[in-house]
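K.L.:
Residues per chain, in single letters:
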Amino acid sequence: MSEKKKTTIVLFSGEYDKAMASYIIANGAAAYDHEVTIFHTFWGLNALRKNEPVSLKKGFMEKMFGKMMPRGVDKMGLSKMNYLGMGPKMIKGVMKKHNAMTLPQLVEMAQEQDVKLIACTMTMDLLGLQKEELLDDIVYAGVAAYIGEAEEGNVNLFI
Amino acid sequence: MSEKKKTTIVLFSGEYDKAMASYIIANGAAAYDHEVTIFHTFWGLNALRKNEPVSLKKGFMEKMFGKMMPRGVDKMGLSKMNYLGMGPKMIKGVMKKHNAMTLPQLVEMAQEQDVKLIACTMTMDLLGLQKEELLDDIVYAGVAAYIGEAEEGNVNLFI
Amino acid sequence: MSEKKKTTIVLFSGEYDKAMASYIIANGAAAYDHEVTIFHTFWGLNALRKNEPVSLKKGFMEKMFGKMMPRGVDKMGLSKMNYLGMGPKMIKGVMKKHNAMTLPQLVEMAQEQDVKLIACTMTMDLLGLQKEELLDDIVYAGVAAYIGEAEEGNVNLFI
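Protein chains in written order, with numbering that gives the first Met the number 0: chain A, 0 to 158; chain B, 0 to 158; chain C, 0 to 158.
Where hints are given, some of them may not hold.
Where chains are identical, the list cannot tell them apart; a pair therefore holds if satisfied intra-copy or between any two copies.
Claimed, not checked - Listed below are the simulated SDA-like cross-link pairs for lysine to any residue, each with C-alpha atoms no more than 25 Å apart in a straight line:
id : residue 1 : residue 2
1  : K62       : K91
2  : K62       : K130
3  : K96       : G27
4  : K3        : G141
5  : K62       : G27
6  : K56       : N98
7  : K4        : I137
8  : K62       : Q112
To be clear, the hints were calculated from the coordinates, so they are not data collected in a lab.
Remember, predicted model here, so these are calculated numbers, not experimental data.
With the hints as constraints, model all of the structure from the sequences given.
P.N.:
What follows is the structure in C-alpha cells.
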C-alpha cells in the first residue's frame, strides 16, 4: 500500500522499436517517481539476453529457438520497415546523430533507476531460455506475480 | 459497483502467440478473483471461430475474408518466426513436451471461469462473420460496451 | 483533478487497422464524456501526416524515412492480410458497403470531439518529421507529458 504511483509494462514483442518504446516509457515513469515493472514474456525475453553465447545443455527444439531468436536487444529487428536489417541500421544511425540513448543504454538506465525487470518463467521454459543466458539482477516469476503488480498499477500497458 | 477487481483485454491480433498471452492473462486474473472481459475485435475474432466450416449465405467480399482468415485458434500463425507455419508447429511441440495448455484448452478454461467473451459486432459486420460461425456463449456488443467495462477496470490491456 | 473519466492511447503502430481501432475507441470514449488523449509515437505519427507532400530541407536519412513511410492514414497498410495492398482495398470496400466511417473521417471526428492529439517530439526528430508535414491543431510533447496524462487515466492502452 505504498503511496507511490505504479506503472507496469508487459513486453511481449521482440522488436527493437517496441522494446525501445517500452524502456523509454519505463524510464520516464521512473523519473516521475513511479514504481515500474517490466514483465518480459515470449519474444520480449530476448531484450534480456546477454550478447555473448552461453554454452548450456539444451534439447533440439530449445537449441533451434535459441539460434533463431536475437541474442540481446542490439540484434533485434524493427516492427515496420525492417528491410532485411537495413531499417534497424537506419534507426541506429539517426539515433546516433541525435545523441539519443541506444536500447542497451536504456536497459542499463532502467536498472539504475530500480525498474523491476521480470522474466516470465513459463515462456522461458517454452523457448528453452535459461537464467545463465539472461542479464544479472532479473526477477524470475510467472503470470500471478504480474497480476499482483498490475492490479495496483496506475498505468498498465501491453507492448 | 462490485468490490471485485476487474481486468479487460481487447484482443485485436489474430496470432496464436498473442491470443495465448491474452488467455493466459485472462485466466490468471480470473484465478485471482478478478471479473474478466475479453473484447474480440478485428483479427482477434478468429479466436472465437468454430473449427468446422458453417455454410451460410455471404457476399463475395465476406466469402473472401472468411476463406483467408484462420478458422479457430488452432489455425493461427505466430507474430514472430512464423516461417510458413513451422513456428506454430514448434511452439505446439514444446508446449506438448512441457504439458502446457493449448490455446483451445485455454479458451475452454476461460469459459469455465466465467470470463466474459465479447465479439465486436461492428468488425463482425466488416469481416462478414456471423454468429453461427462463432463459439457458443459469446456476448455480442460494440465499442460502447467495451468503454463501459474498461472505465471500471483495474487492468486494461490492448493485445 | 477534474471529475471526468480519462482515456489515453499510445498509437505506436503505423497500420490502417490499428489506427482505426485507436480512433474508434477514442471517439467512443469521448462520446462517453471521457477526456481523451492519443499520443502518436514512432510509426503512429504517420496517422497525422498531411496527404500532400510538403517541401522542406531535410538530411538524407530524414528524406529516406519520409519517402518510405505512408503519407497520412489513407496510405497505411494492414497489420494482417496486407497482400501487397489488396487487404486495405478490401477493408475500404467493405467499409464503404457498410457505411462505416473511414479513417480520415474518424480523425476529423476525434478533432471535433476535442480528443487531444499529441505528436511525440522525440520520435519526430528521429524520423525527421517536421510540424509543417502534420495536421493542424496537434499538440507537440514528449514522454513526460504522456506519463502525466496516463497516471490519471482510467483506461490506458498501447496500440
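K.L.:
It remains to establish, for every hint, whether it holds in the given structure.
P.N.:
Each hint tested on the structure:
no. : hint       : in the structure
1   : K62 x K91  : between (29 Å within a copy, 16 Å between copies)
2   : K62 x K130 : within (15 Å within a copy, 43 Å between copies)
3   : K96 x G27  : within (22 Å within a copy, 40 Å between copies)
4   : K3 x G141  : both (23 Å within a copy, 22 Å between copies)
5   : K62 x G27  : neither (36 Å within a copy, 29 Å between copies)
6   : K56 x N98  : between (41 Å within a copy, 21 Å between copies)
7   : K4 x I137  : within (22 Å within a copy, 28 Å between copies)
8   : K62 x Q112 : neither (34 Å within a copy, 36 Å between copies)
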